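Novice: Got chain A sorted already, so can you dock chain B onto it with the hints?
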Amino acid sequence: MRVFKTANCMGCHKWSGIGGGGYGGAAANLRKTTLSLDQIEQTIRCGRLGKGMPHFQEDAYSDGHCYGLKKSQLSATQMPPEPDHPLRPADIKAVAHYVFEKLKGSGDPTFAQCQTFFGTRTRACDVYEDQSSGHVQAAAAERDQASPRQHMKVEAASDANAPR
Amino acid sequence: MSKNTLMAAFAAFLLGTTSLVYAADDVTPDKLLNADSEAGNWLTNHKDYSAHRFSTLNQINKSNVKNLHVAWTLQLGGIEGGGIWSHGGLEGTPVVQDGYMYVTDGWGSVYKIDTHGGQGKILWRMDPKTDHDWAGAVACCGVDNRGVALAGNMVISHTLDGRLIATNKDTGQIAWQRQVADPDKGEVMTGAPLVVKNLAISGVAGAEYGIRGWIAATDLTTHKEVWRTHTIPAKGEPGSETWKDNYNAAAMGGGSTWVTGSYDPRTNTLYWGVGNPGPDWDSEYRPGDNLYTDSTLALDPDTGKIKWHYQHTPNDPYDYDSVAENVLVDAPVHGRDAHLDLEADRNGFAYAVDRDTGNFIWGLPFVKKVTWTKGLDPETGKPAEYDPKKAVQQYAVTPSRQNTVTMICPGNMGGKNWPPTAYNPILKEWYIPVIESCNRVTVKPENPNKKPHPRDLFTGGGPDQPVRITGSVTAIDVTTGKEVGKHETPYPMLGGLLTTPDLVFYGQPDGIVAALDAKTLDQLWSFNTGGGVNAPPMTFTSDGKQYVAILVGQGGAWDKWFIDATPELKKVHPSSALYVFSLN
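Protein chains in written order, with the working numbering: chain A, 1 to 164; chain B, 1 to 584.
Any given hint could turn out to be false.
[Unchecked claim] Dumping the calculated DSBU-like pairs for lysine-lysine here, alpha-carbon to alpha-carbon at most 30 Å: (1) A:K153 <-> B:K571; (2) A:K153 <-> B:K235; (3) B:K571 <-> A:K93; (4) B:K560 <-> A:K70; (5) B:K450 <-> A:K102; (6) A:K70 <-> B:K570.
[As the list claims (entries may be wrong)] Partial chain A-side listing against chain B, Cβ under 8 Å, derived: (7) M1; (8) R2; (9) E82; (10) D84; (11) T120; (12) D126; (13) A157; (14) A160; (15) N161; (16) P163.
[Unchecked claim] Coverage of chain B stretches by chain A, computed from C-beta distances (three or more under 8 Å per stretch; other residues unrestricted): (17) 300-307; (18) 530-538.
Please keep in mind that the hints were generated in silico from the structure rather than gathered at the bench.
Since this is a predicted model, take the numbers as computed values, not measurements.
All C-beta atoms, glycine included, are put in the ideal place defined by N, C-alpha and C.
Just chain A, same shape as in the assembly:
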């Protein structure tokens, strides 16, 4: 999970791995992936040809070990993007294991999984649970105690342009 966060996988695949369309392009749903552990690791190392997934191994296209291709054989549109920060081999293995073991086949994201990811000192997970349920309220109470920012509600005036 550490690498999943620091390599900014969540920037496209979201914290839960569900990916999806949007401003940054459409990222694969890792929870529904059919790839094997080896295939996942290869995708992280080599990226995806002609897609937005970067190659996280720095020299992925130096000697043909990725898809049998070298940089000189790839057009600008086929070449996977460079990563913001390349990953060490051990980190690539670690994040591949995380995707394979924690995300693949894990159904819809849950409140508990979200809290495992973000911790309890943020409201990032509230949307995954019924607001009235006990553990959401408990999390809110813990957060309000811990945070210097008091729980605040929007108190809005009515729409100035509504017909009177």
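Specialist: Positioned in the frame of chain A, the structure of chain B alone reads:
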């Protein structure tokens, strides 16, 4: 004065809060009305209520600007990531009063800096403890904050997680705060507040997350909201007939307001730009003109009532926000005196409308390449292909469910994004920081029967960057509405402009800060800061000496979503610094 306001004033007096009882260095409503006459100060985001970003200071001028050099620098914070963002950035305009500077970082920390004695010293930092994960995950386009407003003895600022905060100018302690926007619904705040009279006026971001936009005014004495004007009308309100679907698309209709507005005291009118409709690229989802998206609004600042609107891109399928600042200029047009409202739109056209009536006066493309329309109707300023009888507009090039992959020029970042223009009233020239661009849009229709979860992106497709993007500083003579100069730059203008009597300053995302001759646009000076510049330059005096200041720290969405169009910028790393320049 009504009985209630009298009571409030009396209560404030008794409590010793100085909101209505001003000390000598307090920023009073009068001071803000006359901000343009305080040459050495920069009291409000756009320098003055007219948003000219023009300073009369001329110690630094055409003849000596070549000698400009770094006077001092400061490293700031707020670089950490959160949500989907790997780092924060700096997009703010420093505000300066009597040699004390107030700046923000991307997470909304406010810094007070003493600039006296030829150096910068941080006196305090107010860290609002913004929730990085919660807010960062719904900030459409980066971890950004564009600066503060001054009011009385308070520094007024926003946080990404939707708060309006008043900080004591002397102590750096939070005096009060209130939640204005709700990130649970995808609402965040990135713009600087605008203080008019005793109100702090706030805009919201989130049109990529299915919000229904608004502008809201908070009373600085009572800390209560006085009015909130939604930029998308509710059912039955005027303008609601421009949402012709039967599944309430307007409820998630977008219309963000994340760039600080301007104000004309002569007519007591507030001017504010409104962003794109949502979903961005699936215009068939929301048949109709989609008011008041992509419009300029003129409002009564006391009540929030809309006086008039002018829409630039009806039923927008491009993400061509009209969030841009409105620049208020009095100048003759073809010999006749006019009260102009100038706006440089993301759709690539610059507009002048009569700011008292909203009537179109002139318009022209300020980018080198426009493909989405053949041009503007010379009478109305509407796109030539616009047909008010059509529910879904077909312009010259229209991303649509039938035509799912299209190249559009300007690209969806716009011919100009939020970075502010500058107006030189001596030369009557208006300078626009331009993104010379095309990009490719792929439409993925949204399904009204399967609306997204709160805080999910709601865009109806997405852009990518197959071609290089460059930039320019483009000058327009406001008396004719004609382009009179273009200084081309290798990178897009992502920071905005400052003008002085004979110079124009700008910064580039590769780290260059430069000065141009205001008449010829020839480059007279440049300096490489070594970071990415994503913020507007400003100028001030301290101990009687003129300085130019600019924040350095690439933020925004460029490095995540647009970087393929400027591959060299991949080498620019996150930073968070303040650069201040002077002569000798």
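Novice: Now, for every hint given, state plainly whether the structure supports it.
Specialist: We went through each hint and held it up to the structure:
1. For the suggested pair K153 of chain A and K571 of chain B, the alpha carbons sit about 42 Å apart, so the restraint of at most 30 Å is broken.
2. Restraint check for K153 of chain A and K235 of chain B: satisfied, since their Cα atoms lie roughly 25 Å apart, inside the 30 Å limit.
3. A threshold of 30 Å between alpha carbons decides the hint, and for K571 of chain B with K93 of chain A the separation of about 26 Å falls inside it, so the pair holds.
4. Distance check on the hinted pair: K560 of chain B and K70 of chain A sit about 25 Å apart at the alpha-carbon level, within 30 Å; holds.
5. Distance check on the hinted pair: K450 of chain B and K102 of chain A sit about 27 Å apart at the alpha-carbon level, within 30 Å; holds.
6. Note on K70 of chain A and K570 of chain B: the hinted pairing holds, with a Cα-Cα distance of about 21 Å set against a maximum of 30 Å.
7. Violation of the interface hint for M1 of chain A is found here, the shortest Cβ-Cβ separation to chain B being roughly 13 Å, above the 8 Å cut-off.
8. Taking 8 Å as the C-beta contact cut-off toward chain B, the hint placing R2 of chain A at the interface is violated, the least distance being around 14 Å.
9. Checking E82 of chain A against chain B: minimum C-beta separation of about 6 Å stays under 8 Å; hint holds.
10. At a threshold of 8 Å, the smallest CB-CB gap from D84 of chain A to chain B is about 6 Å, leaving the interface hint in force.
11. With a least beta-carbon distance of about 11 Å to chain B, the hint placing T120 of chain A at the interface is violated under the 8 Å criterion.
12. A least Cβ separation of about 7 Å between D126 of chain A and chain B falls short of the 8 Å threshold, and the interface hint therefore holds.
13. For A157 of chain A, the shortest C-beta to C-beta distance to chain B is roughly 4 Å, which falls under 8 Å, so the interface hint holds.
14. Interface hint status for A160 of chain A: upheld, as the beta-carbon distance to the closest one in chain B is roughly 3 Å, under 8 Å.
15. Of the supplied interface hints, the one on N161 of chain A holds, with its beta-carbon coming within about 5 Å of a beta-carbon of chain B, less than 8 Å.
16. At about 6 Å, the closest approach between the beta carbon of P163 of chain A and any beta carbon in chain B falls short of 8 Å, and the interface hint on this residue holds.
17. Only residues whose C-beta sits within less than 8 Å of a C-beta in chain A count toward coverage, and the stretch 300-307 of chain B has 4 of them, enough to reach three; the restraint holds.
18. Coverage of the stretch 530-538 of chain B by chain A is violated. Counting CB-CB distances below 8 Å, 0 residues qualify, and the rule asks for three or more.
When the structure is compared with the earlier hints, violations turn up for hints 1, 7, 8, 11 and 18 and for no others.
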